[in-house]
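Line by line, the protein sequences are chains A and B.
With UniProt numbering as the guide, the letters of the first sequence map in order to residues 1 to 739.
With UniProt numbering as the guide, the letters of the second sequence map in order to residues 1 to 158.
Be aware that one or more of the hints could be misleading.
Think about it this way: if two alpha-carbon atoms lie no more than 16 angstroms apart in a straight line, the pair counts; the simulated EDC-like pairs of lysine to aspartate or glutamate are [unchecked claim]:
{"id": "1", "chain 1": "A", "residue 1": "Lys334", "chain 2": "A", "residue 2": "Asp107"}
{"id": "2", "chain 1": "A", "residue 1": "Lys253", "chain 2": "A", "residue 2": "Asp330"}
{"id": "3", "chain 1": "A", "residue 1": "Lys266", "chain 2": "B", "residue 2": "Asp124"}
{"id": "4", "chain 1": "A", "residue 1": "Lys432", "chain 2": "A", "residue 2": "Glu498"}
{"id": "5", "chain 1": "A", "residue 1": "Lys264", "chain 2": "B", "residue 2": "Asp17"}
{"id": "6", "chain 1": "A", "residue 1": "Lys218", "chain 2": "A", "residue 2": "Asp300"}
{"id": "7", "chain 1": "B", "residue 1": "Lys91", "chain 2": "A", "residue 2": "Asp300"}
{"id": "8", "chain 1": "A", "residue 1": "Lys218", "chain 2": "A", "residue 2": "Asp105"}
{"id": "9", "chain 1": "A", "residue 1": "Lys202", "chain 2": "A", "residue 2": "Asp258"}
{"id": "10", "chain 1": "A", "residue 1": "Lys266", "chain 2": "B", "residue 2": "Asp17"}
{"id": "11", "chain 1": "A", "residue 1": "Lys266", "chain 2": "B", "residue 2": "Asp15"}
{"id": "12", "chain 1": "A", "residue 1": "Lys334", "chain 2": "A", "residue 2": "Asp213"}
{"id": "13", "chain 1": "A", "residue 1": "Lys432", "chain 2": "A", "residue 2": "Asp660"}
{"id": "14", "chain 1": "A", "residue 1": "Lys306", "chain 2": "A", "residue 2": "Asp660"}
{"id": "15", "chain 1": "B", "residue 1": "Lys91", "chain 2": "A", "residue 2": "Asp213"}
Ranges between beta-carbon positions, derived for each pair [as the list claims (entries may be wrong)]:
{"id": "16", "chain 1": "A", "residue 1": "Asp261", "chain 2": "B", "residue 2": "Gly18", "range": "13 to 23 angstroms"}
{"id": "17", "chain 1": "A", "residue 1": "Lys202", "chain 2": "B", "residue 2": "Gln149", "range": "45 to 55 angstroms"}
{"id": "18", "chain 1": "B", "residue 1": "Gly18", "chain 2": "A", "residue 2": "Arg236", "range": "24 to 34 angstroms"}
{"id": "19", "chain 1": "B", "residue 1": "Ser128", "chain 2": "A", "residue 2": "Met585", "range": "49 to 59 angstroms"}
{"id": "20", "chain 1": "B", "residue 1": "Asp52", "chain 2": "A", "residue 2": "Arg619", "range": "30 to 40 angstroms"}
Here are a few chain A residues that sit away from chain B, every Cβ distance over 12 angstroms (derived from the structure) [to be verified]:
{"id": "21", "residue": "Pro222"}
{"id": "22", "residue": "Ser376"}
{"id": "23", "residue": "Gln465"}
{"id": "24", "residue": "Ser491"}
{"id": "25", "residue": "Thr508"}
{"id": "26", "residue": "Thr690"}
Calculated from the structure, these hints are not laboratory results.
These numbers come from a predicted model, not from an experiment.
Backbone N, C-alpha and C define an ideal beta-carbon position, used for all residues, glycine too.
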Amino acid sequence: MKSPPESLDPTQPAKRGFRMTRRRMVLGGSLIGGAMVVGYTATHPMEVGGAILSGGGPDPEPSAFGSYIRIASDGFVTIVNRQQELGQGIHAGLAAIVAEELDADWDRVKVIDSRSNFRTYGPQGSVGSRSISSNWDLMRNAGAAARSMFVDAAALLWRVPRRLIDVRDGVVSHPGSNRSATFAELLADASRQAPPQQPMLKQTKDYRLIGTDRVRRKDSVPKSTGAQVYTQDVQRPDLLVAMVAHSPRFGGKLARFDPSDARKVKGVIDVFAIETGVAVVAQNSFAARKGRDALRVEWDDSEAEKRSTPDLFRYYHDLAAGRGDVSPSDFAMKGDKPEAPFSGDIFEFAFDFPYLAHAPMETLDCVAAVNGWDVSITSGAHLPIVDQVQAALTARTTPGRVDLEVIPAGGSFGRRGVMSADYVVECVRIAKRTNGRPVKMIWTREDEMMAGYFRPMSHHRLWVQMGHDGFPRRWRVHSVCQPLVPVGPNSQAVEGIEGSPYFSTASTVDGKIFSPSFAVPPSFWRSVGHSHTSFVMEHIIDQLARRAGRDPAAYRRTFYEKAGDKRRLAVLETLCRRSGWGEPMEAGWARGLAIHETYGTLVGQVAELRLDRGKPVVRRVVAVTDCGIAVSPNQIAAQMEGGIGFGLSAALSGSMTLKDGIVQETNFDTYPILRMNEMPAVETHIIASTNRPTGMGEPGVPPIAPAVANALLALTGNPTRSLPLAQASTISNAPGDPA
Amino acid sequence: MPYQLAVNGRTHRIDEDGQTPLLWVLRDTLRLTGTKYGCGIAQCGACTIHVDGQPMRSCSLSLETAAGSQIVTIEAVEGPEAAAVRAAWVKRDVPQCGFCQSGQIMSAVALLRSNGAPTDDDIDRAMSGNICRCATYNRIRAAIHDAAQSSTSQAKTA
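Work out the full structure, taking the sequences as your base and the hints as a guide.
Below, the structure is given as structure tokens:
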């Protein structure tokens, strides 16, 4: 087929296919998406919700190949990323899944980010490291259906059976007659084919792209040349820049302010109060900053949080001891006699974990314009659906009138995805006052670090009754942690403790969660509850192993065998082999091991550590993961490296503290971030698997802190009772009876 | 009084307060947004540029001070070291979120211009002023070694 492909006329409806009415397009989406989008039908609640939300933004460009695939006349395949690119490389992972089933040429695949669009893409957001697993079927079906359309087109054209047609790297061929055609050449014919209802999916063994190092990021060039546009960089005609003076205390309210000096600053356009403080709107960033500095503001702290961090920890300790004002809820019940007294060989453990800021490199920022009922937003969004709804509530319009353009974020780690959409809402509030002119709101680093939405501080107190064989017979857990969502059980406080394999030798387990609420807002922070619960369980196990005189790896093996956990056993074996576990080390060095499951992905890490003038130095981390099918080994390794760096930074020095209610760490001088000279070498090993893929954005984080603490325990004999390691525990852990 | 500012080989007339940090002149006035704001206190290195060939933090350099110097930003950094660094960055898929990488690259290019074969300790010293919250440090290190090798081999063949 040598003639140039005829151009696709979008005004001419395909006979059968996706390009029809909106409703048909939605139904078509359900066909091509298979099971994952079943329910986008007129009677399903999602469609009703879609009608209210009305999607948001214009419909995506119509495509004969469904909502996720566009193929241009030059043969380039564009894959639409419905997730959010926060650095984790999800754009490439999803594109690789489509390209695998489509048999596209990976070098001729592009990715674009979708706008927030409920009708087409459903509720959009990146949570629980689920972006690969939750799109696995959707992306495979999308790719396979499009491939089938090319096969049908070739079979008709060449009058050969479709089963004899092969597709590879964007070329369709019939080896029997030596005929072949590219996607570009077959595009017009393929576009007219009906997408199959249940496209044939490949067997894992037939993958040519997935699982190989050919799967690479598509954004490395713009991110290595300064060309990548983040929210901070967005330009618009008539764009204004805004900064906001916030209460230094959580729960503080604006009492009065004097804008006169701020108004005198050259470039300042307007100064006004909004719900969260005083907004200064200016022609450029520095004028906004100077204007804000010139404000005189008085805050009403009558209802503000005024406690300091030691006060809060004392309060938490009292709660865990049953001496507080918060009624607990139960979790992790096993056995039927939780009230029976503990007896015999009892160990008690108590841990304190600090507040942590996310501190993404790009501070919080948002671009918004409000024109009557219509709101348009550009943001490196993390939970677009939440941002859209909150923006609509703020502008008193419907979510369907909020057009949210999602662009890559300069990091998030959870901060750009909070349920109140705090910074988006603030930007919309300002944009309501600028007569339709677009506003770019920029938070300084200090704004970002003082605004909360921290990884919540927590206190865990555990009692373990040991059997004569050196294994636990009974566990009791009391966890204190602010809830991250206003309704439902505070399960994030104990995820990673609940269902632990280390309960497998016990006949009785009981736990209580204490969920205090006060004005310091907590939120999701990369790996959420696992960021502290992994430490609790993995560091306790090493201490119990030590008391039992057992090797920590061998000790763990017994629990995993008892739990019948073959995946954990495999990770443990690989980790021991790859890390040289048990082999001698140079004097002054020690190894520590931890294995933790986060959102379905198992990660084991061994850290090699020494002390340099009392300060822990980690030189190397060997990591093993079982994350199901490894879609992109290169990005799995990147997330493991990044997760270790992120977790190690927090373990060594991460701590946000309050003094009289005011955040003390306001920038990188007081909240140090791990730097180049502190980053250990990382080796990542992936367990071969044919299971459905699980995620990798978060699971690399939780094991590193306990691995480091376990290495310290091996080196010094001292357990770690609080993080970060740089701050000696100044909080007394008063011993108590099993409460 | 307007300032004459030489950026990326062109001289601009900037009529702004001399105390304005160069970062905001580059970003807001000249629309050179490859240089990023990350902390404003010279702690993170996201705003690193070259001032007369030296890597400096543009957030902590005033317009008044910078006037009269040759400023180069990520958009225009050129030469064999810059080409080698960019190629190595892409080859290793160094960036994750990418926000710090302009600054990382400016620091890396300056390092290689002064030291064609840096050791790991040299890299630690030159790069520890640049924070990467995604912790891409190991790939940055490897990419700098790659770039050093490729510029050395280029120099040999030239």
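| said: Hinted pair, alpha-carbon criterion (16 angstroms max): Lys91 of chain B, Asp300 of chain A. Please report holds or violated. | reply: Violated, at about 54 angstroms.
| Are Lys91 of chain B and Asp213 of chain A close enough, with their CA atoms no more than 16 angstroms apart? | holds, 12 angstroms
| said: At 12 angstroms, judged by beta carbons, does Ser491 of chain A keep clear of chain B as stated? | reply: holds, 27 angstroms
| message | For a C-alpha distance cap of 16 angstroms, please report whether Lys334 of chain A and Asp213 of chain A respect it. | response | Cα-Cα ~45 angstroms, so violated.
| chain B versus Thr508 of chain A - minimum CB to CB distance exceeding 12 angstroms, so not interface | Non-interface label stands for Thr508 of chain A: nearest chain B Cβ at 41 angstroms, farther than 12 angstroms.
| message | The output says Ser376 of chain A does not contact chain B. Does that hold with a beta carbon cutoff of 12 angstroms? | response | holds, 20 angstroms
| query | Given the proposed pairing of Lys432 of chain A with Glu498 of chain A, does the C-alpha separation stay at or below 16 angstroms? | reply | violated, 46 angstroms
| Are the Cα positions of Lys266 of chain A and Asp124 of chain B separated by 16 angstroms at most? | violated, 42 angstroms
| query | At the C-beta level, are Asp52 of chain B and Arg619 of chain A separated by a distance inside 30 to 40 angstroms? | reply | holds, 37 angstroms
| request: Mind checking the alpha carbons of Lys266 of chain A and Asp15 of chain B for me, to see if they're no more than 16 angstroms apart? | output: Holds, at roughly 12 angstroms.
| task | Against chain B, does Thr690 of chain A hold up as non-interface, every C-beta pair farther apart than 12 angstroms? | result | holds, 26 angstroms
| said: The hint says 49 to 59 angstroms between Ser128 of chain B and Met585 of chain A; measuring C-beta to C-beta, is that right? | reply: violated, 26 angstroms
Violated hints, listed in ascending order, are 1, 2, 3, 4, 6, 7, 9, 12, 13, 17, 19, 21; each of the other numbered hints is respected by the structure.
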